[in-house]
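Asks: Going down the list, the sequences are from chains A and B. Residue 225 in my numbering sits at position 150 of the first sequence; the count goes up by one each step and never skips. Residue 771 in my numbering sits at position 175 of the second sequence; the count goes up by one each step and never skips.
Keep in mind that the hints were calculated from the coordinates and are not lab data. Only a predicted model underlies this, so the values are computations on that prediction, with no experimental measurement involved. Among the hints, erroneous ones may be present.
The calculated label-pair distances, taken between Cβ atoms and stated as ranges, are [as the list claims (entries may be wrong)]: (1) A:Asp-217 - B:Ser-605: 50 to 56 Å; (2) A:Ala-142 - B:Ser-624: 44 to 50 Å; (3) A:Gly-262 - B:Ala-618: 21 to 27 Å; (4) B:Gly-689 - A:Asp-131: 45 to 51 Å; (5) B:Glu-630 - A:Ser-178: 32 to 38 Å; (6) B:Gly-621 - A:Phe-265: 15 to 21 Å; (7) B:Tyr-712 - A:Gln-237: 45 to 51 Å; (8) B:Val-762 - A:Asp-217: 49 to 55 Å; (9) B:Gly-754 - A:Gly-145: 20 to 26 Å; (10) B:Ala-618 - A:Pro-191: 52 to 58 Å; (11) B:Arg-790 - A:Phe-265: 15 to 21 Å.
Backbone N, C-alpha and C define an ideal beta-carbon position, used for all residues, glycine too.
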Amino acid sequence: MAAGGRTRVFTVLLASVFVCACAGAAFAHKIHVFATADGTEISGSVYFSGGGAAADLAVEVFGPEGAPLGRVTTDGDGEFTWTAGFRGDHTFSVQTPDGHGASYTVSAAELSDSLPSAAGGRSQSVEAAPVQKPASAAAATDGDLAARIELLGKQVTEMRKQLDRFQERKNLQDIVGGVGYIIGIAGVAFYLSARREARGKRG
Amino acid sequence: MHIVDGALSVPVLAASGASAAAAVGIGSVKTDYESIPRVGVMASVFFVASLIRVPVGPSSAHLLLPALMGIVLGWAVFPALAVALFLQAILFGFGGITSLGANILVMGVPGIACHYLFGRSVRAIRGQESVFALSFTAGAAGIIVAWLVLGLLLMASGRSFTAAVVAVGAAHIPVVVIEGFVTAFAVSFLHRIRPLMLAGPALTTVPED
Chain A
76 MAAGGRTRVF TVLLASVFVC ACAGAAFAHK IHVFATADGT EISGSVYFSG GGAAADLAVE
136 VFGPEGAPLG RVTTDGDGEF TWTAGFRGDH TFSVQTPDGH GASYTVSAAE LSDSLPSAAG
196 GRSQSVEAAP VQKPASAAAA TDGDLAARIE LLGKQVTEMR KQLDRFQERK NLQDIVGGVG
256 YIIGIAGVAF YLSARREARG KRG
Chain B
597 MHIVDGALSV PVLAASGASA AAAVGIGSVK TDYESIPRVG VMASVFFVAS LIRVPVGPSS
657 AHLLLPALMG IVLGWAVFPA LAVALFLQAI LFGFGGITSL GANILVMGVP GIACHYLFGR
717 SVRAIRGQES VFALSFTAGA AGIIVAWLVL GLLLMASGRS FTAAVVAVGA AHIPVVVIEG
777 FVTAFAVSFL HRIRPLMLAG PALTTVPED
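Just chain A, same shape as in the assembly (with noise of 0.2 Å):
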């Protein structure tokens, strides 16, 4: 009877457990920065998991060397622009107060060409690469190419968001696995304790 009482209340247990799990879990409160430059405007956005804007936060902005070049505020949709004076790496980090935080670094070659380079040598040799093809593309043309490629980073950034979420979504496997684990350190556990008891028996 006490063992039948015993199976009961586990099965309602792992049930519940499985019931939870297909409720649709998803992180909690984690935080995100993304960023993207265009010319020498960085334009990025803070959001929590699912999608929320983290809005009026502050982003510190750092340079290629960790050293601090400022700091800007979300405005109510979770998005900010910096203005970058140098070619270089640029990482955005946020921190909220209740200890979560990330951080996102746009790259020294996303950035404009006019733009004078940080004070590493590195970038030197970026800027020599690009040589003056636009110069041979139709004037006509001009416009028509930038707002096809103002299009297209704007897809890169939705589609870069689109990643975060997956990646963000917990998929049933991972935690029927973690489920499993603990149920595999507890036979261990079980094992190891069965054969301390053993020995205390014989001792």
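Take the given structure of chain A and dock chain B to it, following the hints.
Replies: This is chain B only, laid out in the frame that chain A set:
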């Protein structure tokens, strides 16, 4: 309420890591053969429960169940949390490996506090309503204690205690109520159909036969 890597200062990480290791040690010693399945089941329940999101404004919060774990497990709450939090960190990037000790304390301290404050009385009383009311209080208190421990850890790392308490509190006030109900339903259920589940590990050594 999971603390990520890099949020706490190194001395705080070291101190919380050491105290969490000691607590896990005590918990493991106190866990006897009979109570291992219970510890495993509660670790699984916690592992899954903290993945359930409760949307609060633009952000969200999740269930922690420290009171339920404390009342059911006693000191074994620490080894259960160690396993579940480690798996959450490596599988989901929830919390972090260096902040594992701090996270064990954030959720384990309220657990053990509820064990001492409410565990004995929940086991002793008989009326269904009283069990429900007491375990609701335990569930709500558990979150408030977790919230304070988190605030203290952040303060010890040189962050503003008030800012942390306000930020966490804003997201966790609904959780306090939800936790109260979840704990109350779970504890009343166990109290009715399997009261032995509510006995702390140290008490199960009393032979059943």
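Asks: Each hint: holds or not?
Replies: These are the hints, each one checked on the structure:
1. A:Asp-217 - B:Ser-605: 50 to 56 Å: Once the Cβ atoms are compared, 53 Å apart, the range 50 to 56 Å for B:Ser-605 and A:Asp-217 holds.
2. A:Ala-142 - B:Ser-624: 44 to 50 Å: holds, 46 Å
3. A:Gly-262 - B:Ala-618: 21 to 27 Å: With a Cβ separation near 26 Å, A:Gly-262 and B:Ala-618 satisfy 21 to 27 Å, so the hint holds.
4. B:Gly-689 - A:Asp-131: 45 to 51 Å: This hint is violated: roughly 26 Å between Cβ atoms.
5. B:Glu-630 - A:Ser-178: 32 to 38 Å: At 48 Å between Cβs, range violated.
6. B:Gly-621 - A:Phe-265: 15 to 21 Å: holds, 19 Å
7. B:Tyr-712 - A:Gln-237: 45 to 51 Å: With Cβ atoms ~48 Å apart, the hint holds.
8. B:Val-762 - A:Asp-217: 49 to 55 Å: The hinted range 49 to 55 Å holds for B:Val-762 and A:Asp-217, with Cβ atoms some 52 Å apart.
9. B:Gly-754 - A:Gly-145: 20 to 26 Å: holds, 21 Å
10. B:Ala-618 - A:Pro-191: 52 to 58 Å: holds, 55 Å
11. B:Arg-790 - A:Phe-265: 15 to 21 Å: Check passed, 20 Å falls within 15 to 21 Å.
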